[in-house]
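Undergrad: Sequence:
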Amino acid sequence: MKKDQNDKTWTPATVVEKHDKPRSYIVESDTGQKYRRNRRNLRPTKATFKNSFVEDNGSAMLTEEPPVVDPPASVVQGAPTPTTTRSGIIVKVPSKYRNYKVDI
Numbered sequence: 001m002k003k004d005q006n007d008k009t010w011t012p013a014t015v016v017e018k019h020d021k022p023r024s025y026i027v028e029s030d031t032g033q034k035y036r037r038n039r040r041n042l043r044p045t046k047a048t049f050k051n052s053f054v055e056d057n058g059s060a061m062l063t064e065e066p067p068v069v070d071p072p073a074s075v076v077q078g079a080p081t082p083t084t085t086r087s088g089i090i091v092k093v094p095s096k097y098r099n100y101k102v103d104i
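Residue numbers (full-length UniProt numbering): 1 to 104.
Accuracy of the hints is not assured; some may be wrong.
Subject to a maximum C-alpha distance of 30 Å in a straight line, what follows is the list of computed DSSO-like cross-link-like pairs (lysine-lysine) [said to hold, decoys possible]:
1) 46 to 92
2) 18 to 8
3) 21 to 46
4) 8 to 46
5) 21 to 8
6) 46 to 34
7) 34 to 18
8) 21 to 34
9) 34 to 8
Simulated DEER-style distance windows between Cβ atoms [said to hold, decoys possible]:
10) 9 to 48: 16 to 24 Å
11) 33 to 6: 14 to 22 Å
12) 8 to 84: 47 to 55 Å
13) 99 to 24: 53 to 61 Å
14) 7 to 47: 15 to 23 Å
15) 21 to 83: 48 to 56 Å
16) 24 to 45: 16 to 24 Å
17) 82 to 39: 35 to 43 Å
18) 81 to 22: 51 to 59 Å
19) 34 to 92: 51 to 59 Å
Treat the hints as calculated values from the structure; they're not laboratory data.
A quick note: this is a predicted structure, and the numbers were derived from the prediction, not measured.
Every residue, glycine too, gets a C-beta built ideally from N, C-alpha and C.
Make the full structure from the sequences, and use the hints.
TA: Here it is as structure tokens:
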């Protein structure tokens with residue numbers, strides 16, 4: 001973590017949580033101070049850290065439920081559904097091709 005933008009040294013810190021601002025994180029330094037830093041001011045490390053939460057195997061039992069299978073919906077042949085682009089614009093078939101079956 002960079003403490004200052006003008007500071008060229010990197011100090012070790014741990015990401016504590018993700019901030020509500022985009023691409024921002026709350027990091028805690030070795031001294032215990034908390035900072036809000038952007039991804040630009042953070043550098044990943046190969047060091048391994050111990051998780052702070054304790055896992056209790058006996059308190060929660062997971063029951064496995066069978067997957068729910070919905071019956072297939074009946075396909076109705078009729079007017080084809082309009083094709084839309086990723087931006088939501090409906091693609092219309094040109095009028096000269098309306099009498100032909102065209103796969104778009």
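Undergrad: Now, for every hint given, state plainly whether the structure supports it.
TA: Verification of the supplied hints:
For a cut-off of 30 Å, the pair hint linking residue 46 to residue 92 is broken: about 53 Å separates their Cα positions. For the hint linking residue 18 to residue 8, the alpha-carbon distance of about 24 Å falls within 30 Å, and the restraint holds. The straight-line distance between the Cα atoms of residue 21 and residue 46 is roughly 26 Å, inside the 30 Å bound, and the hint therefore holds. As the CA atoms of residue 8 and residue 46 are separated by approximately 20 Å, the hinted pair is consistent with the 30 Å bound.
The suggested pairing of residue 21 with residue 8 holds, with an alpha-carbon distance near 25 Å, which does not exceed 30 Å. At most 30 Å may separate the alpha-carbon atoms for a hinted pair to count; residue 46 and residue 34 meet this at roughly 22 Å. The hinted pair formed by residue 34 and residue 18 meets the criterion: a straight-line CA distance of about 12 Å does not exceed 30 Å. Straight-line distance between C-alpha atoms of residue 21 and residue 34 comes to about 16 Å, which keeps the hinted pair within the 30 Å bound.
Between residue 34 and residue 8 the CA atoms are separated by roughly 19 Å; this keeps the pair inside 30 Å, and the hint holds. With their beta carbons about 23 Å apart, residue 9 and residue 48 fall inside the hinted range of 16 to 24 Å. The given range of 14 to 22 Å is respected by residue 33 and residue 6, whose C-beta atoms sit roughly 18 Å from each other. Distance hint check: the CB atoms of residue 8 and residue 84 are about 51 Å apart, consistent with the given range 47 to 55 Å.
At about 57 Å, the beta-carbon gap between residue 99 and residue 24 stays in the expected band of 53 to 61 Å. Remark: the range hint 15 to 23 Å for residue 7 to residue 47 is upheld by a beta-carbon distance near 21 Å. Residue 21 and residue 83 have their C-beta atoms about 38 Å apart, which leaves the hinted 48 to 56 Å range violated. Distance hint check for residue 24 and residue 45: the Cβ-Cβ separation is about 19 Å, which falls inside the suggested range of 16 to 24 Å.
Taking the beta carbon of each, residue 82 and residue 39 are about 40 Å apart, inside 35 to 43 Å as hinted. Taking 51 to 59 Å as the suggested C-beta distance range, the pair residue 81 and residue 22 does not conform, at roughly 36 Å. In this structure the hint that residue 34 and residue 92 lie 51 to 59 Å apart at CB holds, the actual value being about 55 Å.
The structure fails to meet hints 1, 15 and 18 from the earlier list, while all remaining hints are met.
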